[in-house]
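Sequences are here, hints too, so could you generate the full structure?
Each chain is listed here by its residues.
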Amino acid sequence: MEFAELIKTPRVDNVVLHRPFMPRVEGTLCLTGHHLILSSRQDSNEELWLLHSNIDSIEKRFVGSLGTVIVKCKDLRIIQLDIPGMEECLNIASSIEALSTLDSVTLMYPFFYRPMFEVIEDGWNTFLPEQSFKQIESSTDEWRLSYVNKDFSVCPSYPPVLAVPKSIDDETIRKVAIFRHAGRFPVLSYYHKKNGMVMMRSGQPLTGSNGRRCKEDEKLINATLRAGKRGYIIDTRSINVAQQAKARGGGFEVEAHYPQWRRIHKTIERSNILQESLIKLVEACNDQSHNMDRWLSKLEASNWLTNIKEILTTACLAAQCIDREGASVLVHGTEGTDSTLQVTSLAQIILDPTSRTIRGFESLVEREWLQAGHPFQQRCSQSAYSNSKPKWEAPVFLLFLDCVWQILRQFPCSFQFNEHFLILLFEHAYASQFGTFLGNNAFERRKLKLPQKTVSLWSWVNRPQDTERFLNPLFEANSLVIWPSVSPQSLLLWEGVFLRWNRSSKCLDEAYEEMIHIIEHNKELQSKIHTFGGKEQGYRKDIIVSPLTLDSA
Amino acid sequence: MEYIRTPKVENVRLLDRVSSRKAPVGTLYLTATHVIFVENVSETRKETWILHSQICSVEKQSTSATGCPLLIRCKNYQVIQFIILQERDCHDVYISLMRLSRPEKYEELYCFSFNPNLDKEDQEQAWNFIDLKAEYNRMGVPIQLWYITHLNRDYGVCDTYPTVLYAPTSATPPIIIGSSKFRSRGRFPTLSYYNHDNHASICRSSQPLSGFSARCLEDEQMLQAIMKANPGSEFMYVVDTRPKLNAMANRAAGKGYENEDNYSNIKFQFIGIENIHVMRNSLQKMLEVCELKSPSMGDFLWGLENSGWLKHIKAILDAGIFIAKAVAEEAISVLVHCSDGWDRTAQVCSVASLLLDPYYRTLKGFMVLIEKDWVSFGHKFNHRYNHLDGDPKEVSPVIDQFIECVWHLMEQFPCAFEYNERFLVHVHNHIYSCQYGNFICNSQKERREQRTRERTHSLWPHMWKNSTDYMNPLYRPDHSQTQGVLRPDTAPYCFKFWRGMYNRFEKGLHPRQSVIDFLMAVKEETQQLEEDLEIHEEKIAKLEKLQVKHNKIKANPRDINKHLGVSTSDNSIANTPQDYTGTAGIFPSCSSSQLDEESSVLILTRDTLKSSDPDLSTNSDQESGVADLNCRSPSGGDSLPSEDSAKDPDSDEAANSAA
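From first to last, the protein sequence lines stand for chains A and B.
Read in UniProt numbering, the first sequence has 66 at position 66, and its numbers run on one by one without any break.
Read in UniProt numbering, the second sequence has 489 at position 489, and its numbers run on one by one without any break.
I should point out that these hints are in silico values taken from the structure, not numbers from a laboratory.
It is possible that some hints are incorrect.
Ranges between beta-carbon positions, derived for each pair [said to hold, decoys possible]:
#  : chain 1 : residue 1 : chain 2 : residue 2 : range
1  : A       : 130       : B       : 534       : 47 to 57 Å
2  : A       : 106       : B       : 329       : 53 to 63 Å
3  : A       : 479       : B       : 25        : 27 to 37 Å
4  : B       : 268       : A       : 77        : 38 to 48 Å
5  : B       : 232       : A       : 527       : 50 to 60 Å
6  : B       : 484       : A       : 118       : 17 to 27 Å
7  : B       : 248       : A       : 516       : 47 to 57 Å
8  : B       : 41        : A       : 326       : 41 to 51 Å
9  : A       : 520       : B       : 541       : 52 to 62 Å
10 : B       : 268       : A       : 22        : 50 to 60 Å
11 : B       : 484       : A       : 465       : 32 to 42 Å
12 : B       : 232       : A       : 467       : 50 to 60 Å
Covered by chain A, per the in silico footprint, the following chain B stretches (three or more residues, Cβ under 8 Å) [claimed, not checked]:
#  : stretch
13 : 299 to 306
14 : 310 to 318
15 : 406 to 415
16 : 467 to 480
17 : 495 to 509
18 : 519 to 533
Straight-line alpha carbon distances no greater than 20 Å define the calculated SDA-like cross-link-like pairs of lysine to any residue that follow [claimed, not checked]:
#  : chain 1 : residue 1 : chain 2 : residue 2
19 : B       : 293       : B       : 80
20 : A       : 60        : A       : 290
21 : A       : 246       : A       : 225
22 : B       : 542       : A       : 539
23 : A       : 528       : B       : 525
24 : B       : 311       : A       : 286
25 : A       : 523       : B       : 533
26 : B       : 393       : B       : 56
27 : B       : 311       : A       : 291
28 : A       : 506       : B       : 388
29 : A       : 528       : B       : 541
30 : B       : 311       : A       : 525
31 : B       : 285       : B       : 541
32 : A       : 535       : A       : 525
33 : B       : 267       : B       : 215
34 : B       : 496       : A       : 286
35 : B       : 523       : A       : 517
36 : A       : 506       : B       : 293
37 : B       : 285       : B       : 274
38 : A       : 506       : A       : 77
39 : B       : 523       : A       : 475
Positions of the beta carbon are idealized from the N, C-alpha and C atoms, including for glycine.
This is the structure we're talking about:
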């Protein structure tokens, strides 16, 4: 097989591994097609299995004949391997380099991975669009499922099934698709049961510099308005950026043609700027100097929290339009595959209690990210340590997860899942044995036959024994809309991701354990008292009541 | 009374700084001790109470069409803005508050009129709640190494020290007196903390009067004696907590620092903590950041960096860690001083003690620590916190910084502290409130002169009584985190802005659900369940017997379900959106009427449910007596945030709504 050619030295003895917060391990290093394995052969705990696809970059150093390879991972961990022998070291380094940058998707580990667990519920079929639409159908008949994109010819980045206004036929939709960036015509993203308002998303309208219009487009989005009501268009670009887009054939909805819509521009940065922000943030977190000013200024200069604030604010605004203003909303940026999805998915976290459950959140990720055509493969192919100049890489999904974490911090009892679940999704988006995050859209996934050839992350996560560690012990269903604070004082650095490998989390983990203990103990007592109650009732049935003794009791 | 120019102003509006919510209209009352604002809304009549002693500054701003704005900044970091219709009324309130917030005589302080209805005996008893002699016994100070000296019984040796002090056995009275003459303000080296495990100790003093070359045999003997009280050690550390430059400058004034050559047994170490003036300015800058109206992330982080505040906090914690390490790991005694030995020295000694000894991480232990390292050793509460109108250059947030260090440790070691953040905030509040006599005056001597033990009340028993409110549910005495020495990480990213302190009145900025309160409720319920379970067990045992006897009896059916779910059902907190538009007036329809029909029903935070202070109930009783507020000082006017909320059901909505 192809991998053998890439592995110049499959195994080296007497390699020393240094990892954050763990004692050094000496053992044998083995390279396989997909893993870097280090085993001390003494104790299975002292093993390292690292997916090549998790490796972001490597560095080599030599002191005499002792070589050192520093492996920087996409999950932000940095490990060090001391390899005796210059040749071995060079071989290992170049092999890792080659194996971690394979071109072909079909060579990736998910195509080779065979689950060690029994798949009870196939995650590839857990969240079908027809199913989630049933929910909506039960409260409104204004929407229908359209199969106009069933062969991906109308919009290659959309799934085959989409929800559109019932009054709009497929022919009209085809015309609208031509008027929208990459064929991304406005589709239903979220239906707010409370007041029947909707959130839609799309690509930018292709008005161009001469102000083209499209009657069908206007008709489509107007079909979602109530009589006499205005809607809001949230453009995730600043007015300037949107203006500039006209020159390249893009643009925005002008007042004159969309008189029933009010446009609001917000400024969510584009992908290359976000990638740079991530790189700077991680660099700041890894800075070893003990200088407070330097830390704060680097944190500020990274702009990471500024991006968080901007994204959250825009999502809150969308939610506010829907819930407080009772208006329908259309969200788009340029392509409608990045900032648009951040906004629509976060707005749902705010508005919809279901999306704060584990299943609901998975469904949200499936609908608003995977099906909606967020190009995971392009965005997540490199992380913060990459030396190559970013092309399409950007931490768009990580920013979304970070925003969810911020809301979770502010409403610690309103989410069924915990922080670990968010970190899990971050890890798997960048490197995984599961096929869920492979490909850039539904079309690519179908071509790759992912459902047939790989295992879904959901198949694993949703097994009860595996779900357990992602459950938030504090969860209490909260049916309300939750409005987060977006003030700088309220936004925090996500330590669980960005400081995970820099500081020991032992004490915080212990606190978490203690918290679970307190709650479990309470539950135990409650069930005990229930059984006692039952017992008592049983006795009471047997005994005839005497009013006199009842009083004295 | 004579300073109140106008006891009552009507049609005053209270602006909310964070939210753009419509400002409530109400009546402003000035009493001898409080400013009270009562909203006009008849069903709630929400009250806001501000103690005069909490007022840091009053600012009259230029009159606009809507009225005359009056900005009140409080020492507990509350900022309140009123709009008063008539310029003349505003001026009267301003002039009155200027005087009322700057008492000139001790008698004017609230603690001398505050009366929680305790009889004399209880009052006296309450002062004995914290006993420092017992504390030194608890530390296990051995009599063969240390002895109690009464040399200072009439404050003759040092008027800022307490009467009872510990000295190393070989330090004879002449040595002590000689050493005291060689130290600023007579503050000779004396025992602050003794580590029972290895005899190492933390001692404290002021700077030596060494100038460029002076030396003092007794002082050298004193340090020798301290080292000898740690048998087996070959040297001791002398930690000067000042930046080296500052210490050197002091030499020109005949003060300075120990010359290693003159003291045979010391290792000398500078730890650069800045002086009170730098700290005061730093806090000022940080508070300006907190007050920014809708700052950008960049504004905020830049301002935070520029204030240097977290850098100073880190310096204090680093110093504490250095000393704790020397004592615990090297078994070496440490003498700590700064200039006078009552600010930085107090900070550093108490941080080190807290790191070393789990006792100080308990509720009672923290009270003891404050009494020991701050109150008894003459931290100048009066000057630093401006209880009496004085030199503004003497004011500095010294104990605030210590309390913040404790908070940072709590963040890193969530299971190690018996008390919670609320406790720290309330202690901080009372340091400034002057409601209790603990933090009045600058020294024990002054407190004796003022007879504070007879004329005022002690805070600690009061807080102890409400201890359930201050408990950390994650604390377990047998937890591994609780045991032994704390070894915190002091990488810069471990230091965060303390929102719970400096923005604590901006409730819209805080998490809407509190994990601590949630867990407290669960624990409370658990306790109830345990009791119930016992009753059930008894009952079932009885029933079993009865059944055997075929007696005709029925047990009282207990409502089991009563407790189920109690813990959390009230935890649903509604809130309202902030201004997310960034542009005013995007939503023409945005109205407060629509706002809150929904949320007013739902809002509830723990604070409304739990409120500790019994004073509180006094306050709510007074709701009905609003009319005569201006003629009597309320007996329980405590203006802690939780109490505010308890006073009125609406307050959380007010605080939360940022829209």
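Against the structure, the hints:
| no. | hint | verdict |
| --- | --- | --- |
| 1 | A:130 x B:534: 47 to 57 Å | holds, 54 Å |
| 2 | A:106 x B:329: 53 to 63 Å | holds, 57 Å |
| 3 | A:479 x B:25: 27 to 37 Å | holds, 34 Å |
| 4 | B:268 x A:77: 38 to 48 Å | holds, 42 Å |
| 5 | B:232 x A:527: 50 to 60 Å | holds, 57 Å |
| 6 | B:484 x A:118: 17 to 27 Å | violated, 46 Å |
| 7 | B:248 x A:516: 47 to 57 Å | holds, 55 Å |
| 8 | B:41 x A:326: 41 to 51 Å | violated, 26 Å |
| 9 | A:520 x B:541: 52 to 62 Å | violated, 27 Å |
| 10 | B:268 x A:22: 50 to 60 Å | violated, 39 Å |
| 11 | B:484 x A:465: 32 to 42 Å | holds, 36 Å |
| 12 | B:232 x A:467: 50 to 60 Å | holds, 57 Å |
| 13 | 299 to 306 | holds (count 6) |
| 14 | 310 to 318 | holds (count 3) |
| 15 | 406 to 415 | holds (count 4) |
| 16 | 467 to 480 | holds (count 5) |
| 17 | 495 to 509 | holds (count 8) |
| 18 | 519 to 533 | holds (count 9) |
| 19 | B:293 x B:80 | holds, 14 Å |
| 20 | A:60 x A:290 | violated, 26 Å |
| 21 | A:246 x A:225 | violated, 27 Å |
| 22 | B:542 x A:539 | holds, 11 Å |
| 23 | A:528 x B:525 | holds, 14 Å |
| 24 | B:311 x A:286 | holds, 19 Å |
| 25 | A:523 x B:533 | holds, 13 Å |
| 26 | B:393 x B:56 | holds, 14 Å |
| 27 | B:311 x A:291 | holds, 8 Å |
| 28 | A:506 x B:388 | violated, 46 Å |
| 29 | A:528 x B:541 | holds, 16 Å |
| 30 | B:311 x A:525 | violated, 47 Å |
| 31 | B:285 x B:541 | violated, 67 Å |
| 32 | A:535 x A:525 | holds, 15 Å |
| 33 | B:267 x B:215 | holds, 17 Å |
| 34 | B:496 x A:286 | holds, 17 Å |
| 35 | B:523 x A:517 | holds, 11 Å |
| 36 | A:506 x B:293 | violated, 38 Å |
| 37 | B:285 x B:274 | holds, 15 Å |
| 38 | A:506 x A:77 | holds, 17 Å |
| 39 | B:523 x A:475 | holds, 16 Å |
Against the hints set out earlier in the document, violations occur for numbers 6, 8, 9, 10, 20, 21, 28, 30, 31 and 36.
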